[in-house]
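So the protein sequences, as listed, match chains A and W. 1 is the number of the first residue of the first sequence in the UniProt record's numbering; add one for each residue after it. 1 is the number of the first residue of the second sequence in the UniProt record's numbering; add one for each residue after it.
Just so you know, the hints here were simulated from the structure itself, not pulled from any lab data. The structure presented is a predicted model; accordingly, all values stated were derived computationally and were not measured. For each residue, glycine too, the CB sits at the ideal point set by N, CA and C. Mixed in with the good hints there might be a few duds.
To be verified - DEER-style ranges, computed between Cβ atoms:
| hint | chain 1 | residue 1 | chain 2 | residue 2 | range |
| --- | --- | --- | --- | --- | --- |
| 1 | W | P7 | A | D197 | 50 to 58 Å |
| 2 | A | R378 | W | T436 | 55 to 63 Å |
| 3 | W | G322 | A | D210 | 20 to 28 Å |
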Amino acid sequence: MPPSAPSSPTPSSYPLHLAVALDGAGWHPAAWREPGARPDELFTARYWADLVTTAESGLLDFVTIEDSFSLQSARLDGPDGRTDRVRGRLDAVLVASRIAPLTRHIGLVPTATTTHTEPFHVAKAIATLDHVSGGRAGWRVQASRPAENPHFGRRPVGHVQYTDDSPEARAFIEEHFAEAGDFVEVARRLWDSWEDDAEIRDAATERFIDRARLHTVDFDGRWFRVRGPGIVPRPPQGQPLVTLLGHGSVPYRLGARSADIVYATPHDADQARAVVAEIRAAQEEAGRGEERLHVFGDVVVLLGETRAAAQARAARLAERAGEPFTSDAPIFVGTASELADTLLEWRSAGLTGYRLRPAVLPDDLEAVVGALVPELRRRGVFRGTYAPESLRARLGLPRPANRYATTAR
Amino acid sequence: MTESARPRKRIILGAFLSGVNHHTVWSAPEAGSQIAFSSFEHLARTAERGKFDFFFLAEGLALRERSGRVFDQDVVGRPDTLPVLAALAAVTEHLGLVGTLNTTFNEPYELARQLGSLDHLSGGRAGWNVVTSFDAFTGQNFRRGGYLHRDDRYVRADEFLAATHRLWDAWGEEAIVADKESGRFLRRPEDGTELGAFSFQGDQFDISGHFTTPRPPQGRPVILQAGVSPGGRDFAVRRSDAIFSPYRHLDEAQEFYRDIQRRAALAGRAPGEVKILPSASFVLGDTEADAVERHRHIARQQVTGQTAQILLEAVWNRDLSGYDPDGPLPDIDPDPEGPPVIQGRARLHQDAHQTVAEWRALAEAHDYSLRELALHVFGRTDFVGTPRQVADLIDAFVQNDGSDGFILGSHLTPTGLDEFVDRVVPLLQERGALRTEYTGTTLRDNLGL
Ligand SMILES: Cc1cc2nc3c(=O)[nH]c(=O)nc-3n(C[C@H](O)[C@H](O)[C@H](O)COP(=O)(O)O)c2cc1C
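All chains should be built: construct the whole structure from the sequences, respecting the hints.
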């Protein structure tokens, strides 16, 4: 067994957590041509509302919403010019905000980039999503690709790629994640820059706030200085959920230091065990051994009522796409019951939950909700109802104390 | 005077959630949260019930400070504009959603995406009130700090808008084909360029690449502008559909109106194409005497002794906390060149010495104390009276070209607009000055643009 921190979830002793990653028409490049797909509605609120409402009907923990400052592309160095695949996205934070009033329980975790944006803006946007949703907000932290630099014109046009194994590429990745780490630190400080009870509305002393309970954050780092305080009162969760996807040591270390959930992409139980061990070790090293940090497995799911049916769907999609389906994450093709077997097996290796990426929307989301969730409930590992609680609470994360709060007053 | 033969102008109305300013009476027992979404939802639904054109939010990117200490006497704190507007799109159908957003501490690519997204998510109801605050104090919250010189604020704003238009146009009109049969998802632009390709070079921006968001349903979200310097006015007539103006007295408002019409004509805009919308407030009563008494009570809650000192400090630029609000005006001279005493509030660029001289004369003539002077200058409500009187005043102001409508705030969050919608709106509708039903679906439709 990997060294597991005392309060970190251990296999089987906690409920399984399930999230769904929403993106366009689904994660398969030919998903948009499926009979149930709604490719002409991808840029409407109704489409997103329907997806998230479906996810909520399956009592899922949360949805993530993908985003980026560059067009989807089969190439890493810029747009591929293809017109036969879904391209384009709406701002994920605003999609999540648009859906918040239409849902009650499900967590909303949009992607927001750390490379070209302002920590002050992102922190207040996520804090506001938390206010608007009543404590259901999270953030999928993402660093930009170099191809996005000219969109902002404030950094040199870069040529290195994440996938290179050159020293330049490694330095680039280190740097981007170091900036992301500072960015998350600033956001977390800004969320704490108001103590919970700063607003006093004391008519007798003509004071709306107690200014002693507001704090500057005075961050001074390599990429930015931010003074604070923020302009948004502390979010209902105190600290909205911070999550990030990683494929290697650099992001794992960032996650271990700064996140509440790391999404990883192990392809089998052994890899899962190794990834969890690496992240737990980094967590100890970061001095967070006592805190709960989730490690979720990302899995692309393509489901069918029988294995043959799932395989037939996969074949049809591959034919339409004109090439085999590949992904950074493992691709599961099979029945809900087989998927449940796999998820539980990898969970014994230390994963505490999953972020499922539906190959086709809404089909595979509906299969998750209609077949996988009931199967997991039959096995006694998934909730049968939502408790009225914040997203953090659902994930077993405490509402953090405020780093600036003075104890006695 | 003869009535002009032109048809009655239809009054444009925006609703404004008063938050961070001295107009908001937070101490009233019925005052609600300025943060909870339910407050925004209540006000937006009320405005839509009253067939208003749009909902409006102001912006402040740093907490205001007085002599280095955060203001504590007014409402402090507000949620982020764009997420609130996106959420309001879920609980309204017709109401435009206008956010104040600054061109100095944003980048075109990101903001064009956000506004384009809001337009998609609201079915074409997004609007942007462009402001140019550039101060170094606010800059301390941002990567680049207070990098922009005051003289460059509209240079940047102008380039920002030009770049933003290019981004909104980067996808062709009907770029999404989504034909499952043929397998064609996108149509390339007619001119053979790559989908989403854009490029803009100027003094402030040198950007190029590919935009990720399809053309907004309105083509371009509606542009408002707030800022009345000559540079601001020229920017407005070049770039905006409407101006959020501070002129609320009929004579100065008419002068501003004429000036904008003149500048707009020079810029090649058609008459009436640039709408003018002052911010305004109201107090209603069953009788005129009731309304006046209610107003007196509200004004004294808005302009407390401490608030009076702070309002005057903004012009004096000196710490006036030692001056008795019930005593005479400070006898010292203003110090406009000194380090700012009040930070984080849009600066009034006026001649401090002249303003102080005028105030001294006013105080002398009426025997005003410091607070009474502040009440006289800042404690004013534009429309005070019975519902019928207020309807008459609003209509007359618009028909006499003081403006094309108003952005209405109230001293009470979030229920202050209720009585206006219940009691004044029907009177304005009766005389044909306000719509009784929405006829279109977009903010452009609402404004007749
Ligand atoms: C009616 C009105 C409302 C304004 N509202 C805001 C606001 O909400 N946020 C902000 O940063 N600036 C606001 N401003 C400030 C202006 O955008 C601008 O920064 C400032 O007035 C300088 O422009 P000027 O010199 O052309 O007047 C407002 C200005 C006016 C006239």
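Hint by hint, here is what the structure shows:
In this structure, P7 (chain W) and D197 (chain A) meet the distance hint of 50 to 58 Å, their C-beta atoms being roughly 56 Å apart. At about 57 Å, the CB distance of R378 (chain A) to T436 (chain W) agrees with the hint of 55 to 63 Å. Look at G322 (chain W) against D210 (chain A): about 23 Å separates their beta carbons, and that is inside 20 to 28 Å.
The structure agrees with every numbered hint stated previously.
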